[in-house]
Structures are given as structure tokens and as C-alpha cells.
Amino acid sequence: MKAAINTQRRQFMVGAAGFTFGVAVGAPSLLVGDAHAQNSSVKLNNWVTIHTDGTVVIMSPASEMGQGSLTSLPRIVADEMDADWAKVKIDGSAVSDKVFGNPGRGFHQYTAGSATVTGYFNNLRQFGAQVRYVLMDNAAQRWSVPVAELSTQPGVVLHQKSGRKLTYGEIAAFAKIPAEAPQIAVEPVAAANFRLIGKDIPRVDIEGKQNGSTKYSIDVNVPGMIYGAILREPVEGAGIATVDDRAARAIDGVLNIVLLKNGVGVLAENPWAAFQARKALKVTWGDKAQGKNFSTDSGYAQFSAAAKDPAHPVIDWEKQGDVVEKLKTAANIVEGEYRSDYAYHAQMEPLNSVAAVSPAGDSVEIWCGVQSQTIAVTVAAQALGIPESKVKFNHHLLGGGFGRRGNRDADFVLDSVLLSKASGKPVKVMWTREDDIHSGRFRPLYVNRLRAGLDAAGNVTAYHHRAVCDHVMAFMDPVRFKQVKGRDGIALNGIGVGSYEIADRASEGVLVHTGMRTNPLRGIGFTANSFATEVFVDELAAKAGVDPVEFRLRMLKKDPRGRHVIEETAKMAEWQRKRPGHGLGIAYVNYSGTEIAGIADVTVDKATGAIKVHNFWCTIDCGVAVHPDNVIAQTESSIVYGLGLALIERISIANGAVEQSNFFDYHVPRMRDVPQMHVKLVQTKNHPTGAGQMAVPLVPSAISNAVFQLTGVRLRQQPMLAGRVKTALLAGEDRFA
Amino acid sequence: MITLTLTVNGAQREVTAHPDTPLLWVLRENLKFTGTKYGCGIGQCGACTVHLDGKPTFSCLHAIKDVMGKSVVTIEGLSSNGSHPLQRAWVEEQTPQCGYCQPGQIMRAAGLLKETPKPTRAQIVDYMKTNICRCGSYNRIIAAIERAAKEA
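From first to last, the protein sequence lines stand for chains G and P. Taking our numbering, the leading residue of the first sequence gets 1, the next gets one more, and so forth. Taking our numbering, the leading residue of the second sequence gets 1, the next gets one more, and so forth.
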């Protein structure tokens with residue numbers, strides 16, 4: 001037996017085509033669904049369906065945007081129910097926070113924060129175990145034997161004593177559903193013997209991605225569909241002053257021009273006409289935007305002043321002991337300011353959505369790939385003033401998300417709903433790449449100021465970190481901002497000391513309403529805050545005269561998993577081995593429980609300032625890795641993403657507007673930029689934690705630290721553009737006044 | 001609007017569109033070959049890569065009036081059933097993540113192997129510089145190309 005059994009009132013459902021289980025994984029109330037007329041192709045509110053031919057259909061509730069949870073989540077259910085993976089089919093779930101919401105995200109159907117496997121893990125295991133028990137119980141009744149005498153092999157219930165067996169499909173043909181559903185206490189992770197979890201398998205979404213058949217929402221075609229494009233205000237809240245659309249309307253194929261609150265929409269017979277007309281619009285914008293005079297430079301000046309002002313009001317993030325007192329007695333004080341520019345998601349599929357509002361305006365069908373299905377449905381319902389039950393949402397795979405597609409106002413979904421309503425036709429609204437950048441919602445601008453005291457032995461005795469940046473959550477998700485009472489973790493995560501043992505410490509945030517558009521971006525606040533922390537820790541190590549690896553290990557005495565990933569990475573990189581002309585730098589982070597360390601091997605072209613990363617070693621411990629090869633793939637992916645943020649990716653703002661337009665002035669890593677990556681996965685018997693973005697913040701700091709080892713110059717601003725590096729090398733210093 | 005005939009994936013196909021329309025949009029919206037992706041519209045990302053008379057080309061940069069009489073092959077035409085050595089190698093190496101750029105990557109790589117059947121790593125990296133993968137699957141793309149070159 002896999003587990004102990006007790007019962008709890010839950011409701012299952014059975015249907016003609018087989019056997020369907022539905023439970024709300026975490027929500028307290030019972031799931032009530034249609035117990036009749038089940039059709040095998042469409043089911044709502046069901047997690048698992050077992051067909052009489054043995055096929056097991058498992059729902060996957062999360063968005064698949066490349067991170068692999070379409071494969072990982074059903075794998076968890078299948079492991080515990082002892083399904084034959086070869087007979088498992090995976091289907092995207094319906095939209096319902098109540099049934100499919102992530103228990104780790106407050107039962108919100110929202111795929112973000114690398115929280116999918118970790119958030120659903122316990123509930124899906126328990127549900128898989130329940131399904132297995134019900135199958136065994138039905139076999140026990142048929143054979144008139146105690147259920148305790150039964151066991152399972154993949155897809156089969158066995159009665160060892162008599163040698164009888166029934167396949168899950170055979171059981172589905174006669175199974176009865178108990179009124180009282182069993183509640184199974186599954187084995188703790190530390191003791192569990194997983195059969196599928198932890199084994200590599202092909203991702204379930206690969207075939208369609210190599211032959212072009214995967215349908216992203218941008219590929220949707222609905223009968224009678226027309227096309228929409230929108231020219232948006234350059235600065236949030238500017239409003240429209242005047243529109244001259246004569247040239248736009250004259251373009252062959254243009255059907256209509258529609259005024260929206262924040263832009264001008266074009267409706268056309270084909271995308272080319274829509275884009276041409278969008279370009280031909282002559283719009284003067286209003287001057288109501290809060291951010292109309294904002295620029296990157298003015299932002300840095302304002303943020304830097306706030307970072308230095310001891311009297312400035314702050315959000316206390318983490319506080320312990322008395323930093324001020326401890327600093328007074330320090331043998332050495334180290335202080336530094338670090339900066340991070342705005343950065344852009346650059347998901348390869350530009351934002352888009354397809355909507356068909358009914359002629360009466362009382363219902364809508366939507367086709368889109370989003371990070372939160374329920375947010376999309378709410379936005380559409382509110383825009384049309386209709387109940388959410390009148391919104392049919394077809395979820396698609398995403399051509400990248402990286403945090404851009406989970407904002408509470410679902411701006412790109414709303415576009416399609418409004419333009420469909422205006423035209424009375426199904427509309428595919430596509431953002432051009434230029435739209436995607438100009439109306440991007442960015443990783444905010446950061447100034448981080450750190451101060452620490454060292455005693456005579458080189459121990460850190462006091463530590464102070466203040467981050468100043470744009471508001472993120474208040475803009476992208478006011479609902480959540482209220483729930484967390486202003487503690488904006490998207491902006492501020494990573495300013496605490498994490499696992500480092502420093503008794504007297506304070507970290508605090510200053511969030512500024514600049515009027516700029518912001519969103520979570522892969523690695524969130526860690527990308528800037530951990531950059532500052534890990535470069536600063538390196539500075540402390542240098543001041544203390546201690547090796548940077550050793551310095552970190554000394555502060556992690558109580559975190560063996562943290563020490564282990566650092567030690568493993570140092571071993572892989574042969575940390576102590578000097579390489580002429582090359583520098584090595586280390587970085588470490590405990591990112592939401594995932595322990596991860598990285599070492600960069602760099603050279604610098606002193607004439608141009610260009611940094612080249614040759615190798616990147618990385619060790620990750622995210623507890624149980626449900627799909628190990630995918631954890632490695634996600635870590636490689638995160639390293640490449642971090643490389644871009646570290647070296648080349650920069651959004652700049654002038655007069656409130658974005659200065660970049662496309663991939664010729666917003667550069668992202670290409671194949672030639674990518675180092676040899678050596679990723680080691682350490683599998684530990686801990687509850688799984690995130691894997692989708694954890695390496696991102698390591699890269700900028702590891703590179704900066706490597707450049708210091710090579711040149712003696714600290715780089716304190718990302719991206720470390722060649723020009724900036726050259727200037728710093730010439731000055732022998734990169735310090736902000 | 002004009003009506004013209006394009007040769008796509010070996011068949012003559014009649015389309016009605018403005019003659020300046022980029023091939024990309026006609027492939028995607030008129031002919032429903034949606035494996036060819038829009039990424040930037042200006043030849044900077046490679047997501048729209050198709051073969052034009054056998055050579056990898058950005059379909060976003062070619063007006064349809066200029067491709068009449070030429071042979072266009074999209075990812076859907078690279079093989080009838082995903083059996084091209086590169087496509088198999090893409091599966092073997094578990095290369096795609098979000099997958100959006102991968103048809104373009106595969107079409108680009110097919111051009112490389114046609115020109116240089118046994119490319120060095122440096123040749124792969126140089127040839128593939130036109131194509132962006134935001135998921136950063138680059139090293140698995142290299143591994144897949146090397147595998148396909150070996151097995152072809």
C-alpha cells in the first residue's frame with residue numbers, strides 16, 4: 001500500500017464514456033458538475049477521465065509558455081495514481097480559480113513566480129492517490145476481497161493472492177463512485193518512492209513545435225475574422241488630443257477607425273492594411289500623463305537622492321538587531337550604489353488576442369495565451385458588462401511570457417474585446433514588435449544603496465540595503481497590491497540577506513510613482529536587488545581580504561543546501577585555477593527556497609569594453625525535480641536571459657516615452673553570445689521549489705565579480721554595456737557620486 | 001488588391017492581396033501556413049524564415065509581387081510528417097521551450113545543412129546569428145544541428 005486511507009466528503013462523477021473524477025484541489029467546497037452526458041472530447045471541471053480503452057486524460061491547469069508545466073503537472077497526478085504514462089493524454093483545463101486555481105497562489109489560476117509545480121504538488125499527489133484508491137476499491141468489490149490485499153502496477157490493479165488483474169480501462173466500464181471520497185495521506189516527500197517524478201521523459205508539446213502545427217493565439221483563424229491594430233499613447237495616461245485619420249482610411253482594406261481610451265484602433269480586412277493604416281494615423285496626444293517629463297536620467301537622479309536620504313519614508317522589508325549601533329563600532333565600513341536600467345520581456349510572440357463578441361453584445365468568445373485565464377475572463381466580462389459565465393475562453397500556448405501576460409488589466413485581451421464589440425465581427429488584434437516595446441511594461445529602474453560594517457576579523461557585523469524603484473504591483477495588479485498591503489514583492493524581493501547569517505541588518509524599499517509602465521519580468525526584483533547584493537558581498541570579501549567563495553560559505557553555516565550549491569559550482573569551475581586573461585566571478589541566491597549558485601568566466605576587450613562570457617557553471621537545488629531535464633533546460637534558459645540583462649538589454653525613457661523600437665536597438669542574446677553552460681542539478685528530497693527563472697539574477701553579479709577579478713574595476717550598473725565598461729576601465733572606477 | 005499565383009510547398013496557390021503585402025502575412029493569413037511566425041517584421045529575428053528558391057529568407061521582407069514564379073517552402077513543407085533529420089533531432093535534443101521561434105530556426109538550419117552538410121560549431125554559430133530564441137535554447141539548437149548533420 002502506498003498510503004493510509006481515510007475519508008472525506010467529496011463528490012466524484014461518472015459518465016458514459018468512462019470514468020471521470022472531479023475534485024476541487026484546494027478549495028473547501030465540493031465540486032458539483034454534470035454527472036451525465038459526458039462527452040469524451042470536452043469536459044469541464046474534471047481533473048482526470050479514465051476511458052474504457054484505458055486512456056487516462058489528465059487536465060493541466062497552468063499556462064504553458066515554454067517552462068514545461070504542461071508536462072510536469074499531469075506527471076505528478078499520474079505518478080500517484082499509478083497511471084501508465086504511455087496511455088496518458090493531457091488536456092488544458094477549463095477556466096476556474098475554484099477548481100483549477102494554484103493552491104500555492106491563493107487558488108488563483110495564474111502561472112507566474114515559478115510557483116506552478118511547487119504550488120500544485122501536494123494537492124495533485126493527493127488527488128492522484130484518491131483516484132488510485134477508488135480504482136482499487138471498485139476492483140475489491142468486484143472480487144469480494146479486502147482492498148488492503150490489492151496493489152497496482154502502471155494502469156492495472158492486482159490481487160496478488162489470486163493472480164487476478166483488472167486494467168484501469170476495464171474498471172472504468174463498471175466502476176461505481178463512492179459517495180464518500182477517500183482522503184489519502186500521501187507519503188511525505190522525504191520518504192516517497194516516485195515512479196515517474198524525477199525521471200526524464202519527452203515534453204508533451206515538442207512535436208507540434210518542430211513541425212509548425214502548434215497553434216498560438218496569433219495563429220487562430222475564425223470565420224469572418226477581421227484584423228485590428230492600435231496606435232497607443234506614448235506615455236500612460238496621456239490621452240488623445242486630435243486625430244487625423246484621412247490617410248489611414250484611404251488605405252485599401254481599411255474598414256474603420258475607432259477611438260479608444262488610450263489609443264486609436266484600426267480595423268481592416270487583413271493585417272498588412274491594419275499596420276499600414278496604423279502608421280498613417282496622425283495623432284497628437286494629450287498632456288495628462290503623469291510621466292510626461294520623466295526620463296531615465298531624471299529617474300536615476302531622483303532615486304539616488306531618495307536612496308541616500310536617511311529621513312526618506314521607507315517600506316521595512318526585513319529588520320533584525322540594530323544596524324546603526326553596530327555600524328558605529330565597525331572596523332571598516334563599505335558602501336556602494338548600484339543601478340539597473342529598465343528591461344523588456346521580449347517574448348517572441350508579440351502580444352495578440354482574438355475575440356468574437358456576439359451581435360447583441362451579451363457574450364464573447366476569446367482565443368488567447370495568457371498567464372492568468374481567470375483574469376482574462378474577468379477583464380472581458382467587465383469590459384462588456386456581462387457575467388463571467390458569458391465569456392468563453394480558449395486558452396492557447398504562449399510564445400513566451402516572462403511575466404508580461406499576467407497583468408490585472410490584461411491590456412492585450414481587452415484590445416480584442418473592444419475592437420470586436422466596435423466592429424460586430426471576430427477580430428484578431430496584433431501588436432507589432434514596435435507596439436510591444438513602446439507600450440511595454442518593464443522591469444523597473446533601480447537604485448540600490450548598500451552599507452555594511454566589518455569587524456577586524458572580516459566578519460559582517462551590520463548590513464543595510466535600500467532599494468528605490470518604480471512601483472510595480474500597484475500598476476500591474478492593484479488587487480494584489482491591496483492584498484499584500486503595499487509590500488510589493490515583485491519590486492523588492494531579493495533585498496533581504498536571504499540565507500546569509502548577519503545578525504544586525506535592515507532592508508527597506510522606496511517605491512516611486514513615476515508614471516512608467518511596469519510589470520514582473522523573469523527574475524523580478526531579484527534581477528536588480530540580487531545584482532546589488534552579490535556585487536556588494538564581493539566588495540565586502542575584497543575588503544576583508546577573503547576569497548569570495550569562502551566569504552559566502554562563512555555566512556551560510558546554517559544553510560547546508562546553500563553551501564553545497566556553492567561548493568559544487570566552485571568545484572566544477574575549478575575556482576582556484578588561475579586562467580591568464582580571464583576572470584572568474586561567483587554569485588549565489590536563495591530564490592524562494594531554490595538554492596542556486598553560478599560562476600562566470602569572462603574576458604574583456606579593453607579597447608571596446610566588450611565583455612565576453614566563455615563559461616557559466618551553475619548548480620541548482622530545487623528539491624524534488626519533477627522533470628530533471630526540464631529543470632536543466634529552464635536553468636540554461638535563465639542563464640541566457642540573465643546574460644541579456646547583464647550585458648545588452650536596456651530600455652531608456654525620454655519625455656516619458658520609450659526610446660527603443662525593435663531588435664535593432666533593443667538587443668537580446670543571440671547564439672554567438674551564449675557561453676558554454678555547465679548546469680548541475682542536485683536532487684534533494686525536499687518539497688519542490690521553483691526552477692523557471694532562478695538563475696537569471698546570478699548572471700549579472702557573477703559577470704561583474706569576474707570583471708573585478710580580472711581588472712580590479714567594479715561594475716555597478718547593468719546592463720554592463722561596452723561603452724560603460726570602457727569608461728569605467730579608463731577611470732579605474734565605476735562609482736556613483 | 002490583385003490575384004496572383006504563388007508556389008508554396010510544391011503547389012500553385014492563388015491568393016488575393018495587395019501586391020506590396022509581405023509574403024509572411026499571405027502565408028499566415030491567406031494560406032494558413034501559420035508555422036511561419038511574425039516576430040519583428042523587419043528581418044531582425046528570423047521567426048518568419050522560409051526557403052525562397054531553396055535559400056533561407058525572411059518572409060517579412062519580401063512583397064508577394066516579388067516572389068511570383070519562385071518556390072516558397074515553409075516549415076509545413078520541409079517534410080510531410082516531421083521526419084526531416086533536423087526535426088527529429090529537435091525532438092531528440094528536446095530543444096523547444098515556448099517553441100515560437102523554432103520553425104524559423106529549423107528552416108534556417110536546413111539552409112545551413114544544404115550549403116554545409118558537416119558544419120563546425122563555429123559555422124553553426126555564425127550562420128544562425130540571424131535567429132533569436134528568447135527562451136535561450138541556443139545550445140540545444142546547436143546540439144540538434146550537430147546531431148542531424150551526423151545522422152543525415
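Among these hints, one or two may not hold up.
[Said to hold, decoys possible] Examples of chain P residues toward chain G, derived with CB under 10 Å:
#	residue
1	42
2	88
3	89
4	90
5	116
6	119
7	120
8	124
9	125
10	135
11	141
12	142
Since the hints were made in silico from the structure, they are not lab data. Computed from a predicted model, the values in this text were never measured in an experiment. Think of the CB as a built atom: it goes at the ideal place given N, C-alpha and C, for glycine as much as any other residue.
Structure-based check of all given hints:
no. : hint : verdict
1   : 42   : holds, 6 Å
2   : 88   : holds, 8 Å
3   : 89   : holds, 9 Å
4   : 90   : holds, 4 Å
5   : 116  : violated, 16 Å
6   : 119  : violated, 13 Å
7   : 120  : violated, 14 Å
8   : 124  : holds, 8 Å
9   : 125  : holds, 5 Å
10  : 135  : holds, 5 Å
11  : 141  : holds, 7 Å
12  : 142  : holds, 7 Å
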